[in-house]
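*Asks:* What follows is the residue order along each chain.
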Amino acid sequence: MTQDPSSQGQSSSQGRVNFFRPLPGFMRKKVHYIWILLASWAVFTFGFQFILVLLQEGPAGCSQLTTTRFLGFPFHYWFSGQFLILWFILLCLLYNLFVDKLTNEYRKRK
Amino acid sequence: MLAEHLKLAPALLLFAVLALFIIVGLASRTAKGEYYLVSGRSVGSVGIGAAIASNWMSAASILGIAGIFYLQGYFAFAYVIGWTGGYVLLLILMGGQIRRFGKYTAPEFVEARYESPIARVLSASIAILISLVYCVAQYKGVGLVFSWIFGLDYIPSLLFGTAVVISYLVLSGTLGALRNQRFHYTVLILCFILPLVLVARKMGFFWLVPQVGYGEALQEIAFHADNAGTAPWLHGTPYQWIALCFTLMVGTAGLPHVLSRFYTVPNIRDARWSVMWGLVFIGLLYWSAPAYATFAKLWELRHGLVTDPATAKAIADIIVIKAAEWAGLPVWITGIVALAAILAAFSTITGLLITGAGAFSYDIYYQLINPRATERQRMIVAKITTLVLAMLVLIVAANPPGLIAEITAVAFALAGNTLFPIFLLGIWWDRTNKQGAIAGMLLGLVVTFIPLLLGPWLPWLTAILPPTGSALIGAPLVILVTIGVSLLTPPPPDRIRRFLLEKVHTP
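Keeping their order, the protein sequence lines are chains A and B. First residue of the first sequence: -2, per the numbering used here; consecutive thereafter. First residue of the second sequence: 266, per the numbering used here; consecutive thereafter.
No lab work stands behind these hints, which were simulated from the structure alone. Take the hints with a grain of salt, since some may be wrong.
Unchecked claim - Below, simulated PhoX-like cross-link-like pairs (lysine-lysine); rule was C-alpha separation at most 20 Å, straight line:
{"hint": "1", "chain 1": "A", "residue 1": "Lys26", "chain 2": "B", "residue 2": "Lys768"}
{"hint": "2", "chain 1": "A", "residue 1": "Lys26", "chain 2": "A", "residue 2": "Lys105"}
{"hint": "3", "chain 1": "B", "residue 1": "Lys768", "chain 2": "A", "residue 2": "Lys105"}
{"hint": "4", "chain 1": "A", "residue 1": "Lys98", "chain 2": "A", "residue 2": "Lys26"}
{"hint": "5", "chain 1": "B", "residue 1": "Lys768", "chain 2": "B", "residue 2": "Lys368"}
Please build the complete structure, drawing on both the sequences and the hints.
*Replies:* Shown next, in the form of structure tokens:
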């Protein structure tokens, strides 16, 4: 398929939107931070359940984690029922602070 | 049998508060009588956050979480974490970008991004299906609570409740009453937490913050059952927990009426911060719901009651009311939490029916059936569709296929398997094209409904793709297929790719 050279050049210079190959500058910094937050979100949520499985002493999943008390709760109840919601709120807070800062930075450059 | 007798105080309270909401709604209109999706003046990100939480609260939040927790203990946290963790995904992957795209509904976004009427109609159909499934859960909540208040059997209560909600919808619409969502949230959260405080106090636990006090109640339950009562995998495997949690997360990020919150926010920064505040307000509810279930369970244990599984399942979805009732609270205070459930269900039903009707009237009827329809004709079609959808939901809700939380989870599985991948790729990969989007949505429908419909005959399939947790495999699969089909077919027009780069992804 023949492609107009000027059009191709224009397209190339403008780059593309790809989460796995973000463009330098604003997009790349943002995606980098998104990866960090995604990892934090996934590791704490699913990682903890994995640890519960890893340490369990029977099919029901009892272990030292489930018999330990923390702030009055069995630890796994506190972690999944109380802490994780706080963790999510914190992740949202950090993202907003970061994007506010990044947006201000890049708007000044224009 | 849930039916007992008419409880006058809760009944009067219900109609009084519905009337109050209409009055407040009328007072919320602007002086010119103009209609804004958001109040004309800026309300700030905290206020928008309360609106998000208000939009989120439903029978699944008020009744369903406690019900599933009462029956399944730790497994229920998959719902809590799924329905809160999804907001992180929504914020960091899609919220700001969706707002920048500048469209007002999910189908409009799909058409603008993919330039395909077929994709638009498909996404509209999916949005309608999601609304229908979600509404079944709400209707069940209404039926159960009306049954408790009015002493009727479930079916008559369902019919009565439906009549009341439709009347409320018509009356609000006719009078032009706006839903003041911050007021709505405030009323709901107070109605939900106040009785909980009193239950905790009656049960002898730390009642100033019952969300913390119920930890001791859990310890007491664990003591009764030699720690087994709080074991994590008593009621489901780790795979099922993770699949369910993940499904609810991506479903949250893909749900049309959640995404629609972003289209109407005045500026992008407020949109982002409102998600965080919305999560705080939603968290307040999700920290509280398990406490109701725990206190109810402990009350049974303390009184030596052994509830048989069938009865437990029957009362699970109104366990918040039972907890208050069993603790010996006055009937009008118990009625307050029942009221919260009805108000949450009503607002969700009206929102979902309007979304579904709008999708049909505008995205299907106008685009596909009658492109020359006038605005008046489209409005008539929307109203007829609202009633038709309401009747369809009624038919299914008459014999609900599961707990409120479970039914709701299926709606999320559908959103997570279809709209989430198409939105995510639509925003973050400019090479995604209409063929890919259409293939992805069709596959998402297949992945969602085959375990639902053929589950009894294919037990191995429901093991891999549980009806409430199919997106753990479904969403990645849809993403891969969408990418594959997009790469095998021509790229999208350059102007769309340029728009993505220059408008959606710049500061």
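*Asks:* If a hint holds in the structure, say so; if it doesn't, say that too.
*Replies:* Here is what the structure says about each hint:
no., hint, result
1, Lys26(A) - Lys768(B), "17 Å, holds"
2, Lys26(A) - Lys105(A), "16 Å, holds"
3, Lys768(B) - Lys105(A), "17 Å, holds"
4, Lys98(A) - Lys26(A), "11 Å, holds"
5, Lys768(B) - Lys368(B), "13 Å, holds"
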